[in-house]
Amino acid sequence: MTGADPYRRRRIVAALVLMVGFAAVLFRLFSLQVLQAAELTLKADRQHRKAVTIEGERGAIYDRRGKVLAMNMEVPSVFGVPASAGNPSRVARDLGRLLHVQASEIEKKLRQERSFVWIARKLEPEQGRRLERMALEGIGVVMEGRRFYPKGPLMSHVLGFAGMDGQGLEGIERRYEPYLRGAKQSVVLQRDALGRTVFPKGPNDLGPAPGHSVTLTADEVIQYIAEKELEEAVAASHAKGGIVIVMEPRTGAILAMAVSPRFDPNAVRAISADRWRNRALTDAFEPGSTMKIFVAAAALEEKVLAPGTLIYGEQGRMVVANTVIHDHDKSGWMTFAQVIQRSSNIGAVKAALSLGETRLHRFLTAFGFGERAEIDLPGEAAGLVKEPRDYGRRSLASIAIGQEIGVTPLQLITAVSAIANGGWLMKPFVVSEIRDGSGQLVFQAVPQVRRRPIAPETAQALGAILEGVVVVGTGSRAAIPGYRVAGKTGTAQKIDPETGGYSPTQFVGSFVGYVPAEDPRLAILVVIDEPQDEAWGGVVAAPVFRRVAEQALPYLRVSPREPVKLALAAQ
Amino acid sequence: MKTLAAVAVIALLLLFVWERVEIIRVGYQIERLKSKKITLQRERDELRVKVLTLTSPERIARAASEQLAMVPPRQGQVILVRVPPAAPAAPGPGTPEFRLARNESGDKLP
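Chains as they are written, first to last, in this note's numbering: chain S, 1 to 571; chain W, 1001 to 1110.
Don't take every hint at face value.
Residues from chain W that keep clear of chain S, each with C-beta distances beyond 12 Å, as calculated [claimed, not checked]:
#	residue
1	Leu1004
2	Ile1010
3	Lys1036
4	Val1049
5	Gln1067
Taking lysine-lysine and the DSS-like style, the derived pairs with C-alpha atoms no more than 27 Å apart in a straight line are [stated by the list, open to error]:
#	chain 1	residue 1	chain 2	residue 2
6	W	Lys1034	S	Lys122
7	S	Lys386	S	Lys330
8	S	Lys228	W	Lys1037
9	W	Lys1037	S	Lys184
10	W	Lys1036	S	Lys184
11	S	Lys122	W	Lys1002
12	S	Lys67	W	Lys1050
13	S	Lys122	W	Lys1037
14	S	Lys184	W	Lys1034
These are calculated hints, taken from the structure and not from any lab test.
The structure displayed is predicted, hence computed values, not measured ones.
Where a beta carbon is used, it is the ideal one built from N, C-alpha and C, also for glycine.
With the sequences and hints as input, model every part of the structure.
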């Protein structure tokens, strides 16, 4: 028997097995830690870290008194992961019932070979909560910012609206998009094995900056008054539509801009693009007799005529360039002031003829016709003012009575405001200030003078004539007891697109004026498009002016001229 | 001496591990509070939209006329009185130049 170790062989085998085993582990370790290090680190990062782009909240829009007109709110959006949806038809049925969508449509989406599909976006908060309770397989909910217009259709044509991805598409939302939009920031989220986020941001990281808030010059209450009165007048006269603009003549600030028919910016997808258009500044129309204001302004400024100058009314019939111009009344001699007050076409034509083409054109452009008023809203039209070289034989006469000229309602109210404002033509504006997310003032609007088309004395003389329009002339229905009103009526025939001539049945009735005449606080334009029964501006539009002003004046705390008991004044 | 050093090293290691665990735990707590904050903010926004919708002039006017049978004052039912500027101002800011009152002597309300 030798002393040899009987287990030596076994020990060697065991040692070898262990060594090979360790070598294998070491090799694997080496391979993972060194050879594949870069690739695996990337893979792990991808699983644990997720880069997402977060956008700051879109800024709110306020009226002049700080009432919210547009704001953002996080609402649920539903998505599907087709690969995880075990039973697409059952899931689609349940979802369809909740979302009020055809189940077949959802099922079609869930059977697509894609990793992610949107099912419905920007739902009501309650729908999201119910969805989360249902916990459907392969269906997820994420929160997205949705634009809300809490006042519904109020001021919709001024506010405009934002699209599905929060980009401004119309109105203030579009014009002030760079300010309203929140900043974008890329953030790396860390996730644990269960997919929960850990430390998405450092404690001092405040996230992306929210958008700026925009405050308008418009007032919710005056806007409501304007919209209510306009809607009632449009309905009562069976008109196609209408416009009311309320402006502060001294500054050019817009207090209200109502366009009928209205639309609800919360449900804009169901409405045709034609309804969104802010026709108060995108569409030009032939103004009719309201143009006589500017013929008178030019004649007075150029001292061609004075308010007391006598003009012969030709007994209501005058031939100009082989066409006949009629008057409503068969007048004989009348003063120039009476020409405006009675809205005599013949008197206005005679005034324009004595001014001549060049001078009249100069004043029309000085009052801002034919050029954009440069209001801070998108889509403004320049209107149409012919150059004197393009005038036909009748053009001068036509322009004097508001034909052959296209003006936007905004241009008209801005020009009338200049008369109310001692001759200063202001630049109209609708945004008064912009503040950043922390409330710091970024922009503040200051009233801007464009030019002074007429002297203060001319404005005053013209103001007195325009007061007469309301006291003794065609605008008597615009009179407000206790206040002095100045204004002018207008009734224009529309051009028939089929014949190319003036339509005998389609009219635009308007009234434009300001109040109180001695210290104008409000300039108001009312346009009623295609009223059915009575089309006269003095009948369809002047009462709207009165009703808007008599409600807006006490609201703005504008005292009447003298202490007055309206019951006595009305008698 | 050696034992003391070993204990110290182990204690330091445990402290390090405890610190890491605590950071993670507090991190989760922060996350929970953050998501609660977001939920509450959403609820606040939702209520704000509701309040704003309910206080719109259009809705108030409708409620006033339909539910409370209120009507806008007709001519003669409002007396406008100018308060002389020299008169001592009533307490409170923004005293208006005139006051509104109902015409008690005139016609009756419908």
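TODO: State the violated hints by number, sorted upward, taking the hints as numbered earlier in the document.
DONE: 4, 7, 8, 11
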